[in-house]
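**Q** Can you build the whole structure from these sequences, using the hints too?
Taken in order, these protein sequences are the chains called A and B.
For what it's worth, this note's numbering labels the leading residue of the first sequence as 8, then goes sequentially.
For what it's worth, this note's numbering labels the leading residue of the second sequence as 11, then goes sequentially.
Keep in mind that the hints are not guaranteed to be accurate.
As the list claims (entries may be wrong) - Straight-line alpha carbon distances no greater than 30 Å define the calculated DSSO-like cross-link-like pairs of lysine-lysine that follow: (1) B/Lys443 with B/Lys298; (2) B/Lys164 with B/Lys185; (3) B/Lys185 with B/Lys57; (4) A/Lys397 with B/Lys434; (5) A/Lys397 with B/Lys370; (6) B/Lys184 with A/Lys397.
Derived from the structure by calculation, the hints contain no laboratory data.
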Amino acid sequence: MNLVLAPDRRRTKAEEALEAAFRRIDAELPDLDRETAFARFAAQGLPHRRVEAYHFTDLRSMLASAPEPAARPSLDAARAALGADVFAAVKPARAVFVDGWFVADLSDLAGLGDGVSVATLAATMASDGAVRGLGARVAPGTAAETDPLVSLVSAFFSDGLVLRVADGATMARPLEIRHVSTGVSASAFVRHLVEVGEGASATVLESHESPEGSVVHAHTLVEMTVAAKAKVTWVDRQRESHDGARFSTLAVAIGDHAALDHTVATLGAKIARTQVFATLGAHADLQTRGATLAKGRTHADATLVVEHVGPGATSRELYKSAVDDEATSVFQGRITVQPAAQQTDGRMGAHAVLLSDRAEAKAKPELEIFADDVACAHGATVAEIDETLKFYLMSRGIPADETERLLIHAFLGEVTDAISDEGVRTAIEGEIDGWIDARGNRP
Amino acid sequence: MAAVKETVDQVRAIDVDQYKYGFETDIESERARKGLGEDVIRFISAKKNEPEWMLEWRLDAYKRWLTMEEPTWARVHYPQIDFQDIYYYAAPKSTPGPKSLDEVDPELLKTYEKLGIPLREQAVLAGVEGAKVAVDAVFDSVSVVTTFREELSKHGIIFCSISEAMREHPDLVKKYLGSVVPVTDNYYATLNSAVFSDGSFVYIPEGVRCPMELSTYFRINEKKTGQFERTLIIAEKGSYVSYLEGCTAPQRDENQLHAAVVELVAMEDAEIKYSTVQNWYPGDKDGKGGIYNFVTKRGDCRGDRSKISWTQVETGSAITWKYPSCILRGDDSKGEFYSIAVSNGRQQVDSGTKMIHLGKRTSSRIISKGISAGHSQNTYRGQVKVNRKADGARSFTNCDSLLIGHDCGAHTVPYLESGNPRAKVEHEATTSKISDDQLFYCISRGLDPEEAVALIVNGFVRDVLQQLPMEFAVEAQKLIGVSLEGSVG
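**A** Listed below in structure tokens is the structure:
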């Protein structure tokens with residue numbers, strides 16, 4: 008077993024730290040085959056710009072360090088870290104992870120309804136042999152399998168949630184999976200499993216937050232299977248410290264006639280990378296949307312790989328970013344249509360608005376098509392806020408400083424408007440407006 | 011409609027295995043030993059009577075090439091190339107300096123005639139009166155004959171082979187060669203810098219509008235010979251030139267490597283229009299044989315308000331790896347890229363462009379039409395990059411792909427990078443098959459399915475065909491028809 012990085016190359020500080028941390032890893036979750044996952048990571052090391060999937064997000068040069076994996080926090084520390092109840096309006100059940108560790112005392116998992124089970128990965132492993140050896144096994148045959156960030160979570164995760172919704176069951180209320188941080192400089196690794204049975208429906212709100220100023224490297228991996236005819240709504244809110252890093256991956260297999268409606272809002276983190284790897288069965292439906300707001304000297308990357316495997320599926324991807332100060336936004340999206348996926352309907356849009364002279368946006372919307380009877384398209388734009396729109400608003404009597412705020416709100420509104428639950432939509436819009444207001448007036 | 015009819019006739023007349031231009035000409039040739047080494051480079055340089063600095067330049071490139079790795083990022087698959095199993099130089103046996111066409115080997119002239127490329131201008135123009143085309147015909151690696159030189163020289167235009175330019179105009183060559191595509195730009199460009207055999211050199215002096223379309227026809231003839239063309243075009247302040255490049259090659263079983271480099275330099279207010287029709291042997295229907303076409307083409311809009319326009323029709327080659335690019339350095343400079351890439355059989359195309367916006371108010375426009383049929387894979391790969399200082403830059407990209415049949419692939423890989431809020435970058439792409447509605451309509455009007463497809467495809471690529479000089483447009487349209495043969499029905 009090769010647990011060390013390829014010897015022919017000098018390691019970066021971050022790689023050295025990860026390697027040392029792996030040797031010391033806590034064996035609280037046994038039988039995981041973490042070694043295979045780490046070996047997969049070690050074979051390549053941190054990805055760099057010559058690795059095509061990381062062309063715009065060169066982690067080898069960007070990650071100056073990799074903090075130690077966090078220790079389990081005390082209950083008091085965890086309680087102090089809990090933060091605001093952003094989704095209070097929809098009264099969700101709640102699973103709380105602090106520094107990557109599940110805290111039962113702060114969680115409320117009651118009333119999710121018949122056929123819905125929630126347990127920690129640690130507890131599930133004790134009773135369910137199928138979860139053993141999880142380290143090496145992530146979405147075989149997809150782009151997620153070989154992704155270095157996925158390998159890292161698989162090697163290091165401390166705990167996670169197992170959410171199972173039985174065939175035909177409906178969740179009585181949404182589940183919020185809240186990830187917070189005590190603010191210690193540390194890495195947190197969490198890995199969730201979600202299984203939604205045939206014809207079932209589920210709503211999950213994922214939330215990530217860390218106190219401003221903390222250097223937290225937060226890694227999350229969600230593996231989800233959506234069985235035939237099931238419906239899932241997933242909203243991911245990310246609000247990390249502007250000195251920290253957020254690495255999120257959603258690897259999802261959407262079954263025949265099943266649907267996933269996914270929204271992600273990213274506000275914060277010095278380095279953020281949000282990955283969605285989805286495979287679509289016959290007549291499946293994927294809606295995924297993202298709003299990225301980047302300021303300061305930060306870098307936010309949204310990467311999608313959507314694979315149409317079965318025929319007749321539909322996918323809609325819409326990612327928008329507002330980029331301020333010296334920030335950079337990256338969008339990479341690929342729609343792959345496999346030979347059997349005839350009658351695929353795929354449409355991808357990526358739009359960035361640059362709000363300052365030194366802001367940058369990079370986009371790579373890809374189509375990879377092996378079937379002939381398809382209708383696929385993508386569009387991408389990068390520009391500043393349209394002067395004629397500003398002029399129009401001003402001519403209607405709106406003050407100059409207000410026009411820009413309105414227009415940014417409207418630009419990102421296309422993403423948030425599609426969130427069907429009003430309470431959730433209002434919560435996300437509130438975060439976005441808070442970000443816009445914090446910019447101050449800049450006519 | 012007449013043009014469409016022609017396409018259909020072509021499709022009927024030609025079987026895919028009977029590549030129309032697949033014949034060989036039997037001319038004795040002189041060549042370097044097989045393989046690559048300093049001795050071969052010295053041999054090439056000596057053969058061409060090159061000055062010492064040129065030899066040094068080549069040797070330096072060769073040393074750097076040895077340290078480089080073959081790029082693997084393109085979506086093309088081919089067996090490892092054995093660079094020691096290639097002849098790097100082949101020249102038709104020289105009769106000392108032909109003074110006129112009468113002195114040129116009649117075999118050679120016949121070859122061109124078969125290709126429909128007579129050297130005489132009227133014939134070249136295929137019935138179009140008034141226009142003139144000068145042909146710097148390249149037969150394998152050496153320019154055999156250059157016509158119209160006198161008329162061009164009246165305007166101060168230099169149009170000659172690059173080896174001749176090295177001897178006659180060393181200052182110009184020294185100044186510009188490698189200034190757009192640096193020696194170590196990429197693996198194939200570096201290889202080309204070491205072993206390039208010949209190519210064209212064009213210099214348009216200040217304020218001159220070149221009175222005719224300049225044209226070079228390339229042929230790969232000698233067995234197992236790599237063809238390493240080097241083209242350098244310089245348009246001085248306020249000048250204009252339109253350059254045509256067309257290629258056909260004889261049928262072969264063994265893969266042939268082609269790694270050309272084209273450099274364009276446009277000064278203030280100058281404009282260069284570069285058009286290519288590429289129809290090299292694509293291999294047979296099982297993917298055997300065919301040309302490997304690894305080309306580096308780049309234009310440098312050095313002066314303000316300069317313009318470089320690339321138009322290409324790519325129907326041939328087993329593998330195409332080609333990204334004609336523009337560096338938009340001068341303020342208000344313009345770059346354009348119009349492309350039709352047709353792939354059929356087992357062809358693999360990975361082609362596109364790069365537009366690098368450096369100057370203020372620079373603009374670029376990219377129109378790419380990909381058509382895949384048979385078992386081919388057709389990829390558009392393009393980059394638009396806007397530098398922080400490129401205030402008011404505009405870029406528009408449109409990539410459309412058409413799929414014909416179940417076993418081919420069409421891929422679009424654009425890279426957009428903008429670092430200036432006052433720049434506007436737009437990209438759109440679609441992929442679809444020929445719609446049943448359109449086909450049904452055409453068939454209901456009495457066209458047979460093959461004619462209907464030809465009609466629809468011609469409509470699909472029309473935006474690009476319109477950018478070609480007329481005599482090229484006709485040829486290109488025929489080629490597209492021939493290339494899609496066997497994919498319909």
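**Q** If a hint holds in the structure, say so; if it does not, say that too.
**A** So, going through the hints one by one against the coordinates:
Of the pairs offered as hints, the one joining B/Lys443 and B/Lys298 holds, with about 27 Å between alpha carbons and a cut-off of 30 Å not exceeded. At most 30 Å may separate the alpha-carbon atoms for a hinted pair to count; B/Lys164 and B/Lys185 meet this at roughly 24 Å. Among the hinted pairs, B/Lys185 with B/Lys57 is consistent with the structure: their alpha-carbon atoms are about 23 Å apart, no more than 30 Å. Straight-line distance between C-alpha atoms of A/Lys397 and B/Lys434 comes to about 16 Å, which keeps the hinted pair within the 30 Å bound.
Taking the CA atoms of A/Lys397 and B/Lys370, the gap is about 23 Å. The hint holds against a cut of 30 Å. The hinted pair formed by B/Lys184 and A/Lys397 fails the criterion: a straight-line CA distance of about 52 Å is larger than 30 Å.
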